[in-house]
Amino acid sequence: MRIAYYPGCTLKTTAKNFETSAIAIAQQLGVEFVELPRWTCCGTVFSLTSDDLIHHVAPIRNLIRVQEMVKRKQVDDEKRILTLCSMCFNTLKRSNLRVKENIEDLKKINNLMYLEEDYCAEIEVIHLLQLLKEIGFDKIKAKVKNPLNNLKVAPYYGCMILRPLEVGIDDPEDPTIQRDLLEALGAEVIDNPYKKVCCGSYQTVNNKEKVAELAFDILTHAQREGAEAITTCCPLCSFNLDFRQKEVLKKHPDFKQIPVFYITQLIAVAFGLDNKTLGFDQNYVDPKLLLKNKGLIK
Amino acid sequence: MKIGVYVCHCGGNISEVVDIKKVMEFAEQQGDVALVKDHAHMCSDVARKMLVDDIKEYGLDKVVIAACSPQFHGRTFMGTVEKAGLSPYVMEMANIREQCSWPHYYQPELATKKAKDIVKMAIVKARLDEPLEKKTSPIGKRVLVIGAGIAGIQAALDLGDAGFKVYLVEKEPSIGGKMAKLSRTFPTEDCAACILSPKMADVPANPNIELLTNTEIESISGFLGNYDVVAVRKPRYVDITKCTACDKCAEACPVVVPNEFDEGLSSRKAIYLPNPIAVPHAYVLDDKSCLGLFPLACSKCYDVCDAGAINYDEKPERINFTVDTIIVATGYEIFDPRKKKVYEFAKSKNVLTALDLERLISLEAEGTVLRPIGRRIAFIQCVGSRDELVGNEYCSRICCMYATKLSQLLKRADPKRDVYVFYVDLRAFGKGFEEYYKRAQRTGVKFIRGRVAELHEDSHTHKVRLKVEDTLTREIIESEFDLVILSVGLRPSEGTTKIADTLRLIKSPGGWLQEAHPKFRPVDTLADGVFICGCAQGPKDIPDTVAQASAAAARAIRLMNKGEYEVDPITAFVDEKLCSGCGICAGVCPYEAITIELKDGKRISRVNEVVCQGCGACVASCPSGAQQQRWFMTSQLHAMLSAALGEEV
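First to last, the protein sequences are chains U and E.
Per this note's numbering, residue 45 is the first one in the first sequence, and the count goes up by one each step.
Per this note's numbering, residue 34 is the first one in the second sequence, and the count goes up by one each step.
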């Protein structure tokens with residue numbers, strides 16, 4: 045099945061390993077990502093101004109691209125656009141909801157982009173985790189060649205796939221989607237009480253220390269519960285939890301580093317895919333030793 | 034025919050918008066109108082006296098009052114007309130206030146035009162009015178009270194004392210309800226069990242009260258003055274007249290299960306006394322946890338019972354009786370805090386509900402310590418209340434005050450304790466409550482305004498860590514506690530929901546039972562002869578519950594005391610010549626007032642006029658026009674429509 049895929053900026057730079065692993069596991073499950081042609085910025089962070097209509101132009105323009113793809117029969121799924129990055133997912137879905145529920149806003153945005161075709165507000169924005177759940181964790185389990193036995197993993201959710209309620213894909217207070225998926229892969233799932241505590245988001249640009257403090261709390265709580273690795277599904281969370289361990293170490297010299305995976309990387313490991321798709325050289329804390337010790341990679 | 038038309042100014046409410054003079058001139062031109070007058074306040078004593086005099090002097094036989102809504106003063110003017118010797122049902126109100134001058138205040142000319150139309154509609158309807166007679170129906174003095182918590186007990190005692198026969202039905206093996214579980218009551222800090230137990234003891238002592246415990250309502254049918262009740266008494270396996278509560282059976286019983294009276298914090302045997310102040314004071318055998326009755330697997334309790342009170346062969350017993358009125362006092366249950374996942378109830382042993390704490394404090398007072406309470410205690414308010422995420426928008430009303438009570442009880446018991454209450458708003462709404470809250474502050478309880486955002490139990494130390502913003506100082510507080518108490522809100526009990534379906538009572542948002550009028554009929558329902566009180570109607574504290582229970586008893590007495598009651602003649606009736614007996618009307622009737630009967634071999638619809646509430650559903654559904662409703666005859670409605678559309682009538 046071919047589905048329209050919106051990568052967003054990080055998936056092409058610091059989170060290439062998220063993209064390559066996701067594309068590889070999707071292929072195993074019979075899904076082909078068709079990248080949106082001429083995609084632009086998703087719109088990123090939520091606007092705080094009350095007159096914020098212009099903020100929604102960029103996300104809606106991307107949804108028009110999906111519409112065009114559907115018309116040209118470039119995809120089989122005619123209603124949906126897939127995202128990997130939680131932030132892109134959140135931004136696109138929120139803008140989409142806004143125009144779906146508010147016909148006046150839709151008209152204004154269409155008028156602002158009079159050179160584009162009109163957006164009909166019929167596209168749905170979904171996150172990869174939703175697609176995987178839809179395919180079925182049973183089916184994913186059947187594809188596992190290399191079960192993650194004895195690997196103690198604590199999933200981390202962040203906020204962008206959980207909040208606000210109308211955008212979230214899981215229970216915002218007690219999300220379980222990553223847990224269920226990891227259990228299907230054979231991993232021992234650790235419940236981290238800090239699984240949805242803020243990672244610091246874009247504060248990472250100008251307040252590294254604050255983000256390092258938050259990362260320290262999130263990671264050490266997972267470690268106290270026995271976790272050996274963390275999974276995420278968001279490039280920004282991943283950056284803050286993985287790369288900021290450098291700053292954590294400066295402040296807490298006793299801190300023991302812990303690998304942070306994209307959940308797709310662990311699926312790829314469980315599917316027995318080759319090292320190239322795993323892209324571990326892009327992870328800050330090298331996870332290879334842990335996986336070798338567990339006999340999961342050579 | 035002589036119709037009198039009276040146009041009210043309503044002290045300017047109407048006359049400042051509608052041109053009264055023009056309306057009067059218009060009314061004078063209508064056929065059959067013999068007299069047109071206006072008055073500043075038609076509802077005043079003077080004006081009503083004028084109306085009585087006019088009816089007699091001019092020999093009016095129909096009256097139109099152009100004033101406010103009939104919901105507001107309909108009954109007033111019906112009474113006035115009746116005083117003058119006419120049937121109250123030849124009076125029509127033209128609502129030119131709520132439906133005209135108020136909404137159209139900025140368009141006086143159009144409003145005047147509309148007022149004329151409304152008056153004309155009332156006149157053409159009045160022309161076709163027929164004098165209806167009020168009927169009376171006999172009524173007895175039997176009441177069913179459902180639920181024997183403090184609300185049901187109070188209502189039953191009031192009715193019993195007043196000489197009415199009461200069937201008090203309670204599904205649990207003992208009466209007393211939730212109040213029996215409480216430690217102390219706010220703001221006076223009386224021991225709850227001590228003030229409740231004399232009332233509980235009064236119930237079996239009252240000769241007019243028939244107490245049916247361990248009994249559930251199966252069905253109720255009928256109507257005011259004639260409700261047929263079927264109740265099912267579950268087997269208790271212990272004869273309450275023989276049991277001496279000696280405890281030998283429980284000592285002998287090998288089965289240990291959580292004790293629901295202590296919210297599962299302590300244990301009980303399969304045969305047990307429901308609680309220390311239980312009424313009836315007799316043991317009960319829980320057949321779900323007993324080793325087995327069919328076939329008998331143990332019989333240890335039977336062997337040691339000197340009184341011979343135990344009977345393993347008891348079966349559910351169906352009890353039928355008839356009552357005249359019903360009081361619903363089915364109460365509440367606490368919000369299940371597991372639904373508020375962020376507070377990790379049931380995941381952590383150190384997160385308890387306030388009701389758990391009530392039991393801990395009560396048992397400590399009796400000398401039983403089930404678990405240490407610790408030094409640092411936090412209360413989290415509004416758990417399951419004022420929270421749209423869990424679907425409960427309402428305020429549960431009592432949580433602020435019970436937390437104020439529990440927190441200072443803990444602090445006073447050990448002044449070295451740190452006791453915090455994290456609240457959203459603190460609502461000390463009742464008499465003496467604000468003073469009580471101040472007292473808690475003086476005792477040293479720290480009240481902090483902020484909704485707790487995160488809660489985690491440390492897997493090693495088992496201390497509970499809270500994260501909350503103090504919204505007054507805007508500081509983020511992160512702190513560890515030995516014990517966290519969730520001030521859980523209230524929800525309608527399962528019994529409340531069930532009985533609402535059985536009796537077809539309307540529910541307000543949140544699932545509570547809806548009163549007939551929030552201000553003036555707070556314990557009535559729209560079902561005649563059915564009253565509500567206590568937390569079944571909405572969350573409330575003990576004083577309000579007792580007040581409502583007595584109110585419900587008084588309202589029931591008001592209906593039954595005269596031995597007969599007036600039946601409104603505005604009911605449906607059937608034109609038997611037109612009726613084909615198709616039964617559509619019976620299907621749409623929400624009150625089950627319509628039956629299809631055989632008459633001379635022909636199927637005919639029959640309306641029970643005592644049960645009929647005059648809603649008109651059957652009239653609208655009847656394909657042949659056989660169903661008609663008095664005072665709202667199809668001919669009258671057609672005439673009004675024609676008048677409104679400007680056709681000649």
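Quick caveat, the hints were computed from the structure, so don't treat them as lab data.
Treat each hint with caution, since some may be false.
Calculated lysine to any residue pairs in the SDA-like style (CA-CA distance at most 20 Å, straight line) [to be verified]: (1) 123/U x 185/U; (2) 174/E x 44/E; (3) 382/E x 150/U; (4) 500/E x 161/U; (5) 496/E x 269/U; (6) 496/E x 241/U; (7) 281/E x 349/E; (8) 380/E x 116/U; (9) 372/E x 219/U; (10) 372/E x 267/U; (11) 374/E x 203/U; (12) 374/E x 218/U; (13) 382/E x 161/U; (14) 254/U x 511/E; (15) 380/E x 269/U; (16) 380/E x 72/U; (17) 254/U x 259/E; (18) 380/E x 161/U; (19) 342/U x 177/U; (20) 372/E x 264/U; (21) 254/U x 459/E; (22) 374/E x 241/U; (23) 374/E x 208/U; (24) 380/E x 218/U; (25) 444/E x 487/E; (26) 449/E x 408/E; (27) 632/E x 613/E; (28) 496/E x 270/U; (29) 500/E x 194/U; (30) 374/E x 217/U; (31) 174/E x 254/E; (32) 372/E x 218/U; (33) 496/E x 267/U; (34) 254/U x 507/E; (35) 372/E x 208/U; (36) 500/E x 264/U; (37) 500/E x 217/U; (38) 500/E x 203/U.
Source: prediction; values computed, not measured.
These are the hints, each one checked on the structure:
Pair hint residue 123/U plus residue 185/U does not hold up; C-alpha atoms about 27 Å apart against a cutoff of 20 Å. The hinted pair formed by residue 174/E and residue 44/E fails the criterion: a straight-line CA distance of about 45 Å is larger than 20 Å. Distance hint between residue 382/E and residue 150/U is unfulfilled; the C-alpha atoms sit about 51 Å from each other, more than 20 Å. For the hint pairing residue 500/E with residue 161/U, the CA-to-CA distance comes to about 49 Å; that exceeds 20 Å, so the pair is violated.
Between residue 496/E and residue 269/U the alpha-carbon distance is near 15 Å, which keeps this suggested pair within the 20 Å criterion. A C-alpha spacing of about 19 Å is found between residue 496/E and residue 241/U, which places the hinted pair at or below 20 Å, so the restraint holds. As the CA atoms of residue 281/E and residue 349/E are separated by approximately 25 Å, the hinted pair breaks the 20 Å bound. Taking the CA atoms of residue 380/E and residue 116/U, the gap is about 53 Å. The hint is violated against a cut of 20 Å.
With a CA separation close to 13 Å, the supplied pair residue 372/E and residue 219/U stays within the 20 Å bound. Straight-line distance between C-alpha atoms of residue 372/E and residue 267/U comes to about 28 Å, which puts the hinted pair past the 20 Å bound. A threshold of 20 Å between alpha carbons decides the hint, and for residue 374/E with residue 203/U the separation of about 16 Å falls inside it, so the pair holds. With a C-alpha separation of about 6 Å, the suggested pair residue 374/E and residue 218/U falls inside the 20 Å cut-off, and the hint holds.
With a C-alpha separation of about 59 Å, the suggested pairing of residue 382/E with residue 161/U is violated against the 20 Å cut-off. Restraint check: the Cα-Cα separation between residue 254/U and residue 511/E comes to about 16 Å, which is no more than 20 Å; the hinted pair holds. For the suggested pair residue 380/E and residue 269/U, the alpha carbons sit about 15 Å apart, so the restraint of at most 20 Å is met. Between residue 380/E and residue 72/U the CA atoms are separated by roughly 38 Å; this puts the pair beyond 20 Å, and the hint is violated.
With a C-alpha separation of about 73 Å, the suggested pair residue 254/U and residue 259/E falls outside the 20 Å cut-off, and the hint is violated. Among the hinted pairs, residue 380/E with residue 161/U is inconsistent with the structure: their alpha-carbon atoms are about 53 Å apart, more than 20 Å. A distance of roughly 29 Å separates the Cα atoms of residue 342/U and residue 177/U; the hinted pair therefore is violated under the 20 Å criterion. Straight-line distance between C-alpha atoms of residue 372/E and residue 264/U comes to about 28 Å, which puts the hinted pair past the 20 Å bound.
Only pairs whose Cα atoms come within 20 Å are accepted, and residue 254/U paired with residue 459/E is rejected, the gap being roughly 34 Å. Our distance criterion of 20 Å between C-alpha atoms is met by residue 374/E and residue 241/U, whose separation comes to about 15 Å. Taking the CA atoms of residue 374/E and residue 208/U, the gap is about 16 Å. The hint holds against a cut of 20 Å. Among the hinted pairs, residue 380/E with residue 218/U is consistent with the structure: their alpha-carbon atoms are about 12 Å apart, no more than 20 Å.
Straight-line distance between C-alpha atoms of residue 444/E and residue 487/E comes to about 25 Å, which puts the hinted pair past the 20 Å bound. The suggested pairing of residue 449/E with residue 408/E holds, with an alpha-carbon distance near 7 Å, which does not exceed 20 Å. Between the alpha carbons of residue 632/E and residue 613/E the distance comes to roughly 11 Å, so the proposed pair stays at or under 20 Å and holds. Distance restraint check for residue 496/E and residue 270/U: the Cα-Cα separation of roughly 18 Å lies within the 20 Å cut-off, and the hinted pair is therefore satisfied.
Simply put, residue 500/E and residue 194/U have alpha-carbon atoms about 33 Å apart, too far for the 20 Å limit, and the pair is violated. Taking the CA atoms of residue 374/E and residue 217/U, the gap is about 6 Å. The hint holds against a cut of 20 Å. Our distance criterion of 20 Å between C-alpha atoms is met by residue 174/E and residue 254/E, whose separation comes to about 18 Å. Of the pairs offered as hints, the one joining residue 372/E and residue 218/U holds, with about 10 Å between alpha carbons and a cut-off of 20 Å not exceeded.
Taking the CA atoms of residue 496/E and residue 267/U, the gap is near 18 Å; set against the 20 Å cutoff, the hint holds. For a cut-off of 20 Å, the pair hint linking residue 254/U to residue 507/E stands: about 18 Å separates their Cα positions. The suggested pairing of residue 372/E with residue 208/U holds, with an alpha-carbon distance near 18 Å, which does not exceed 20 Å. With a C-alpha separation of about 17 Å, the suggested pair residue 500/E and residue 264/U falls inside the 20 Å cut-off, and the hint holds.
Between residue 500/E and residue 217/U the CA atoms are separated by roughly 15 Å; this keeps the pair inside 20 Å, and the hint holds. A C-alpha spacing of about 17 Å is found between residue 500/E and residue 203/U, which places the hinted pair at or below 20 Å, so the restraint holds.
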